[in-house]
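The residues making up each chain are set out below.
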Amino acid sequence: MKKSKKHKIGMAPGSLVYMGDITTEKPTLSLIDYCEDHLHEKMIEIADLADIKPDEKNKIWLNLSGIQDPNFISEIGKQFNLHPLVLEDILNTDQRPKVESYGDYLYIVLRNFEFKRSGNLSSRQVSLILGKHFVLTFQEQVTECFEPVCERLRNGRIHIRQAGTDYLAYALIDVIVDQYFSIIEDIGIHCETLEEKLLRKPSPTLLQKIQVLKRESMELRRGVWPTREVINNLIRNDEGFFEASTVLYLRDIYDHAVHVIESLEAVRDLLAGMLDIYLSTISNQLNKEVRALTVVTMMFMPATLISGIFGMNFDKMPLLKDTFGFWIAIGIMALIAIVMGLHFFRMQWLSRRGI
Amino acid sequence: MKKSKKHKIGMAPGSLVYMGDITTEKPTLSLIDYCEDHLHEKMIEIADLADIKPDEKNKIWLNLSGIQDPNFISEIGKQFNLHPLVLEDILNTDQRPKVESYGDYLYIVLRNFEFKRSGNLSSRQVSLILGKHFVLTFQEQVTECFEPVCERLRNGRIHIRQAGTDYLAYALIDVIVDQYFSIIEDIGIHCETLEEKLLRKPSPTLLQKIQVLKRESMELRRGVWPTREVINNLIRNDEGFFEASTVLYLRDIYDHAVHVIESLEAVRDLLAGMLDIYLSTISNQLNKEVRALTVVTMMFMPATLISGIFGMNFDKMPLLKDTFGFWIAIGIMALIAIVMGLHFFRMQWLSRRGI
Amino acid sequence: MKKSKKHKIGMAPGSLVYMGDITTEKPTLSLIDYCEDHLHEKMIEIADLADIKPDEKNKIWLNLSGIQDPNFISEIGKQFNLHPLVLEDILNTDQRPKVESYGDYLYIVLRNFEFKRSGNLSSRQVSLILGKHFVLTFQEQVTECFEPVCERLRNGRIHIRQAGTDYLAYALIDVIVDQYFSIIEDIGIHCETLEEKLLRKPSPTLLQKIQVLKRESMELRRGVWPTREVINNLIRNDEGFFEASTVLYLRDIYDHAVHVIESLEAVRDLLAGMLDIYLSTISNQLNKEVRALTVVTMMFMPATLISGIFGMNFDKMPLLKDTFGFWIAIGIMALIAIVMGLHFFRMQWLSRRGI
Amino acid sequence: MKKSKKHKIGMAPGSLVYMGDITTEKPTLSLIDYCEDHLHEKMIEIADLADIKPDEKNKIWLNLSGIQDPNFISEIGKQFNLHPLVLEDILNTDQRPKVESYGDYLYIVLRNFEFKRSGNLSSRQVSLILGKHFVLTFQEQVTECFEPVCERLRNGRIHIRQAGTDYLAYALIDVIVDQYFSIIEDIGIHCETLEEKLLRKPSPTLLQKIQVLKRESMELRRGVWPTREVINNLIRNDEGFFEASTVLYLRDIYDHAVHVIESLEAVRDLLAGMLDIYLSTISNQLNKEVRALTVVTMMFMPATLISGIFGMNFDKMPLLKDTFGFWIAIGIMALIAIVMGLHFFRMQWLSRRGI
Amino acid sequence: MKKSKKHKIGMAPGSLVYMGDITTEKPTLSLIDYCEDHLHEKMIEIADLADIKPDEKNKIWLNLSGIQDPNFISEIGKQFNLHPLVLEDILNTDQRPKVESYGDYLYIVLRNFEFKRSGNLSSRQVSLILGKHFVLTFQEQVTECFEPVCERLRNGRIHIRQAGTDYLAYALIDVIVDQYFSIIEDIGIHCETLEEKLLRKPSPTLLQKIQVLKRESMELRRGVWPTREVINNLIRNDEGFFEASTVLYLRDIYDHAVHVIESLEAVRDLLAGMLDIYLSTISNQLNKEVRALTVVTMMFMPATLISGIFGMNFDKMPLLKDTFGFWIAIGIMALIAIVMGLHFFRMQWLSRRGI
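Protein chains in written order, with this note's numbering: chain A, 1 to 355; chain B, 1 to 355; chain C, 1 to 355; chain D, 1 to 355; chain E, 1 to 355.
Be aware that a few hints might be false.
[To be verified] 30 Å max Cα-Cα, derived DSSO-like pairs, lysine-lysine:
| no. | chain 1 | residue 1 | chain 2 | residue 2 |
| --- | --- | --- | --- | --- |
| 1 | A | K316 | B | K316 |
| 2 | B | K116 | B | K98 |
| 3 | D | K116 | D | K132 |
| 4 | C | K201 | B | K209 |
| 5 | C | K132 | B | K209 |
[Unchecked claim] Pair ranges (Cβ atoms, derived):
| no. | chain 1 | residue 1 | chain 2 | residue 2 | range |
| --- | --- | --- | --- | --- | --- |
| 6 | A | D104 | B | E229 | 29 to 39 Å |
| 7 | D | E56 | E | D37 | 25 to 35 Å |
| 8 | E | K197 | D | E243 | 55 to 65 Å |
Hints were generated in silico from the structure; no laboratory data involved.
Ideal Cβ placement from N, Cα and C applies to all residues, glycine included.
Model the full assembly from the supplied sequences, consistent with the hints where possible.
The structure is reproduced here in structure tokens:
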């Protein structure tokens with residue numbers, strides 16, 4: 001809801017306008033071409049795009065980090081024959097995860113989440129295009145999230161080098177889904193910290209934090225749920241983008257995605273339970289305070305009445321002339337207070353922390 | 001629920017009676033005929049309808065703004081051979097979004113929403129009829145909502161002029177769905193304003209506003225949900241109204257519609273959370289007030305009792321004859337108050353804003 | 001849940017026992033036979049049933065209002081060859097809306113609702129049997145609900161006279177579904193009246209009324225939901241009871257039924273929201289009362305203590321001999337009260353309606 | 001959850017161990033063999049089982065009431081060639097309703113509920129085996145529930161005698177489903193009694209009773225819901241156990257089962273509403289009590305202060321020497337009390353039942 | 001959420017890293033080979049794996065308890081030709097229950113739960129591989145849970161020895177599902193203990209325990225729900241792993257799994273009801289305390305005012321000189337107190353346990 005779409009209403013589809021946050025970082029375009037025998041890795045410029053010729057022996061992975069410059073996108077689009085809608089969707093960084101087939105290539109949108117210790121969740125769009133001998137990835141900003149896959153390619157792991165680009169695509173999706181686990185873990189820890197504070201001292205500020213966390217877990221859910229569908233679609237896709245052996249691995253990520261969703265449900269249950277604890281802690285405090293008020297009133301009212309009675313100005317009153325009259329009155333007051341106190345003690349009203 | 005259907009019970013279907021609000025604005029009938037090479041745009045009268053001959057070279061877009069006059073509808077119906085049920089539905093402005101095929105043409109109902117800053121949501125029905133070489137649109141009132149599409153036609157954008165009327169229909173639907181985004185954005189902002197007020201000073205009036213917003217988000221949902229189905233039906237429609245290339249674009253609106261629905265769910269979550277915050281803020285305030293009452297009672301009751309005791313009229317009472325008796329009594333009162341105060345301070349009952 | 005089924009347990013199916021409320025109204029049997037050219041309308045007796053010969057030129061509509069006499073039913077059953085289960089179901093007025101095909105005819109059960117201004121919802125079963133050239137309707141009690149259709153037949157509207165009995169059946173179902181709208185409208189108005197009262201003065205009696213309304217909207221839902229299914233079944237029925245042109249009209253009622261269900265959901269949301277408003281209004285009142293209590297206690301307690309102090313009987317007390325001693329004491333009391341009052345005013349505790 | 005399954009963990013399937021409550025009643029084995037012309041009814045012993053030869057002319061209904069003796073079950077199993085799993089399931093009286101086909105016969109499990117006026121719901125398992133010319137029923141305890149069907153057989157009702165054993169099975173299932181209605185009716189009456197008490201005097205004991213009723217309606221639901229599925233399966237079963245004419249009757253029970261489920265939902269709504277009424281009645285009472293407290297405090301505090309002021313021991317005080325001083329003071333007190341009283345009356349705080 | 005997955009992000013699939021808790025217990029590898037005639041049971045070492053030759057006459061059950069050593073897993077993997085993903089999943093002990101077919105064998109993951117009396121639920125992964133003549137089981141830790149099946153094998157029960165390994169697999173799954181019952185039973189007992197405490201003395205600590213139980217029942221549900229799916233998949237599996245006769249038994253476990261899920265729902269309902277009882281018990285206590293406060297205030301305030309009035313220092317006051325003045329004043333106080341007391345008694349404010 002943060003990004004305004006208003007200025008796009010009525011524009012022709014395919015108009016390349018970047019919808020995300022503008023950062024000052026320069027976009028970087030990195031190219032890895034590899035096969036079983038070799039791996040070349042370099043940073044390239046737009047002008048170099050024309051030289052790229054992906055084939056069986058030169059599988060290509062082109063990664064663009066930072067997409068605020070539509071020229072980059074349109075040039076890459078020309079080189080790889082991408083549909084205008086794909087280019088528009090890459091720039092429109094507000095997409096739900098989805099997979100779309102354009103005959104020659106698959107266009108996959110995923111979301112990359114980041115959860116800061118302060119309790120702030122942000123998400124970035126990752127577009128992935130899987131063609132016959134190439135994989136293109138578009139990241140909203142420069143991140144390290146694909147680094148582990150680069151490492152595996154560099155280290156010459158046999159399988160990832162031998163296998164087709166479908167396996168590379170799988171590896172990239174796997175990295176993204178795996179990160180969801182660590183995010184849910186972080187949210188879980190954040191929850192537990194909040195719950196502890198809640199039991200010590202409930203306050204509306206904490207409640208607001210719980211609400212924020214709830215909203216964030218909803219947002220995460222909106223990102224993960226369609227991801228599951230995306231992977232399911234990839235598994236059932238029968239256009240031959242994925243080989244049977246890779247589909248086996250996709251089935252594994254699918255399980256992970258389901259697991260992530262279930263963990264999220266657990267987190268949401270946790271948060272719902274925290275609200276209950278919050279409300280009941282407040283109620284309990286109210287009870288304790290009213291009890292304190294009742295105890296004080298009950299213990300002092302009778303004594304005050306007695307003192308009032310003996311303060312009346314009648315000519316003839318009992319005890320007033322008595323030598324021990326005063327002490328008898330005080331004694332009655334004390335007696336009532338003691339009886340009351342014992343009564344409250346028996347009813348366990350005075351058992352906890354003084355009052 | 002606002003418009004009465006009672007007077008229609010038992011009327012024959014196809015009776016043309018306008019069900020919406022009556023406005024004084026005169027209906028306007030605008031005609032655009034266009035193809036790759038030319039574009040003619042003019043306001044026409046009923047009498048001119050007979051001259052309209054849509055063909056490949058003269059694609060027609062006829063837009064009627066303001067439909068309170070059934071004559072307009074029935075004349076247009078005659079000219080384009082529309083089914084009586086279609087004409088009835090155009091006038092019955094309380095329809096859910098739907099798509100119906102009548103062989104020669106598709107009848108599409110959509111809803112156009114407007115959200116005022118005051119928090120008021122209103123909706124108007126837009127009927128769209130897509131034939132071989134013509135598009136008819138019927139708007140409940142004169143609005144600017146199709147203006148961006150007119151602009152694109154006027155500016156001679158190649159694609160929209162070249163493509164068939166199916167692409168024009170797509171562009172019109174796209175404009176309507178895009179507006180949903182800006183409405184949800186406005187509702188979101190309205191929500192945040194309410195939430196701020198809520199935390200500062202909760203009141204039943206605010207609660208009522210939240211309920212209104214809830215109801216409106218429900219109403220919006222009832223408009224958007226079937227819209228998604230409409231677009232889905234258009235995508236899967238196999239009667240050839242939409243060309244394969246346009247279906248690709250429809251798939252894009254479908255994604256938008258899904259996105260809108262998810263954003264709406266987020267708004268509803270926000271509103272549900274606000275109710276929780278409201279109730280707990282009230283509870284908190286109650287606690288604070290009871291606490292204040294308890295503190296005051298506890299600090300004054302003992303002192304009052306002491307003053308009562310020394311006001312008793314016993315002949316023999318200690319301290320009364322004492323020179324400093326009065327000050328000793330006052331001192332005891334002060335001591336008790338100080339001890340109480342320290343106790344409350346330690347229990348953090350006095351830490352916040354005075355009392 | 002109101003009607004006892006106990007006495008039917010274990011009875012053979014097909015036993016004709018009337019299950020509904022017994023009324024003293026005499027059942028009336030009205031016969032309309034019509035075709036494009038003519039229309040005869042008369043009240044008949046059981047004995048006349050044998051003369052009825054429906055054919056293409058003499059389409060028959062037989063309406064029985066009041067079904068407490070099983071003889072009527074069984075005679076009609078004999079004349080039109082109805083299955084014993086159908087006759088049983090006609091008398092068993094507790095049925096859910098359903099449609100059942102018996103080869104030669106369709107048996108349709110619908111429910112007719114009535115909502116009284118007092119907030120009382122009642123429902124009556126309407127059974128409709130659609131055969132080749134006849135329509136039979138069975139109403140639990142004498143009502144006017146089919147009057148509009150009679151009018152249309154009498155007025156010689158071409159379509160309804162020309163078309164087959166399927167169109168007549170459609171018209172009757174349409175009348176029933178249209179009435180749902182006016183009932184939901186009435187319930188909506190009733191809701192708004194309640195909500196106003198609620199905000200002025202919440203009471204458990206109002207809450208009970210809300211619960212009753214909730215239950216009634218549930219009951220209505222239980223009647224409308226299967227009606228939608230019934231219409232859907234009629235649309236998809238491939239036994240040729242409905243002609244293609246009539247199915248188009250059924251599609252229209254289907255839309256209406258969906259609309260009714262959505263409006264009902266809106267009503268239920270309204271009612272759920274009212275409960276929230278109720279509870280929070282009560283909480284708010286409690287807060288206001290506790291606040292009043294606190295304010296009074298805070299303003300009088302210090303003054304009372306001061307009066308108590310100067311009422312003590314010490315020999316040596318300051319101010320007592322003073323000429324203005326009394327007024328100084330009163331002044332101190334007033335000062336404390338004013339300071340307190342300003343404090344409460346600043347905290348907005350005294351801003352609303354006195355206390 | 002009441003019956004322990006622990007001692008069965010790891011036992012071979014088919015081990016015949018009775019899992020239900022042990023009663024002292026002796027199991028009874030009754031045999032009815034019947035056809036259109038005759039009906040023989042007798043109590044038999046295990047030894048007599050071998051003589052049973054069901055055929056077209058001698059349709060057999062064997063009913064075992066009380067199943068705690070595994071020998072009975074295993075003997076019957078041998079005689080009718082039942083699968084060990086069936087025998088195990090008959091004894092394992094904790095089964096969900098289900099239907100299983102074993103080729104030669106159908107094994108149907110249903111549950112028979114009993115609702116005592118005290119609000120106690122108990123359920124017993126009824127196993128029914130439908131073969132070509134025989135029906136076997138196994139009841140957990142001796143009950144009268146099949147008596148109505150016996151009556152119909154004895155009375156020589158043509159249809160039930162003529163028809164195959166499938167019709168007998170239908171009649172037995174019908175009796176069980178019909179009983180659900182009377183149970184829901186009883187629960188409904190129980191609910192209304194509770195609701196009345198609730199509005200008069202809410203107490204945690206009542207709340208607990210509501211919870212028990214809630215749990216019981218859940219339990220009933222768990223019994224009825226799969227029963228619906230069972231009947232649905234019987235309807236769609238294509239192994240020829242049920243003739244087309246009987247399926248028509250099954251469709252009728254199916255409707256009843258759906259009706260039962262909907263009535264149950266209504267009961268659950270009723271119970272959920274009762275909780276809301278309970279909580280709000282408590283809140284209302286709290287408000288009334290706090291109001292009473294506030295009224296008393298407000299009316300007496302000012303008077304008490306005035307009495308305190310005139311009880312001060314200043315030498316110079318106004319009014320003290322005045323002849324009517326006392327009455328003026330009393331008058332001021334009374335005046336304040338009257339003004340307060342009028343204020344409260346205007347705010348409708350004193351309008352209801354004294355305080 | 002407890003186990004960190006972070007260090008696995010980006011690792012190649014098939015990397016064998018144990019993800020569970022490390023225990024010091026030595027893994028044990030037990031081998032049972034059996035057929036109708038013989039049974040050999042022994043503990044073996046890795047080195048002995050090569051000698052295992054499963055065939056029709058020597059059905060093999062290899063059980064590994066304790067899987068922290070990846071070498072064991074990879075050796076077994078080599079011997080039985082297991083896919084790397086299977087080996088990875090065996091070690092990754094955080095899996096949801098699932099079944100995956102790898103052509104030659106089925107890989108089944110289940111979870112084994114343990115519920116301690118302290119209210120602590122823990123779960124362990126059990127992997128089961130079913131091949132033509134072998135069953136492999138992998139348990140996270142050394143447990144006794146398969147002991148009953150061993151017993152049945154040892155005791156020479158005909159069926160389990162005769163039948164194929166599919167029947168053994170069924171028996172093992174049956175043991176695991178049966179244990180769910182005893183766990184739910186334990187949780188139910190735990191619930192009832194909590195509920196009793198709750199009604200006696202509600203406290204936030206109890207609420208927290210309820211929340212923990214809720215979370216655990218959710219966790220159990222996440223384990224049981226997919227188990228049901230697993231069994232369903234096994235039933236519908238058409239690759240011939242299970243013979244028709246065994247499928248009959250699987251159908252039985254399926255019923256059990258459904259039953260477990262329903263019992264779990266009942267437990268969750270129980271827990272939800274407990275929260276309602278908790279909140280309402282607190283509210284009730286509050287009411288009782290406020291009532292006590294009100295009663296005391298009402299009974300003492302008037303008396304205190306009267307004592308104050310007769311303590312005023314007016315020269316002329318009635319009754320003061322009266323011999324019985326004092327007793328008249330006391331009498332009035334007593335009278336007011338008695339009237340109040342009767343009033344409260346009539347309103348049932350004093351009927352319960354003193355105050």
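Evaluation of the provided hints:
Proximity of A/K316 to B/K316 is assessed by CA-CA distance (about 16 Å); at most 30 Å being required, the pair is judged to hold. For the hint pairing B/K116 with B/K98, the CA-to-CA distance comes to about 26 Å; that is within 30 Å, so the pair holds. With a CA separation close to 38 Å, the supplied pair D/K116 and D/K132 exceeds the 30 Å bound. About 19 Å separates the Cα atoms of C/K201 and B/K209, which keeps this hinted pair within 30 Å; it holds.
About 56 Å separates the Cα atoms of C/K132 and B/K209, which puts this hinted pair outside 30 Å; it is violated. The beta-carbon spacing between A/D104 and B/E229, approximately 31 Å, falls within the hinted interval of 29 to 39 Å. At roughly 47 Å, the beta carbons of D/E56 and E/D37 sit outside the given window of 25 to 35 Å. For the hinted restraint 55 to 65 Å between E/K197 and D/E243, the CB-CB distance of approximately 58 Å keeps it satisfied.
Checked against the numbered hints given earlier, the structure breaks hints 3, 5, 7 and satisfies all the rest.
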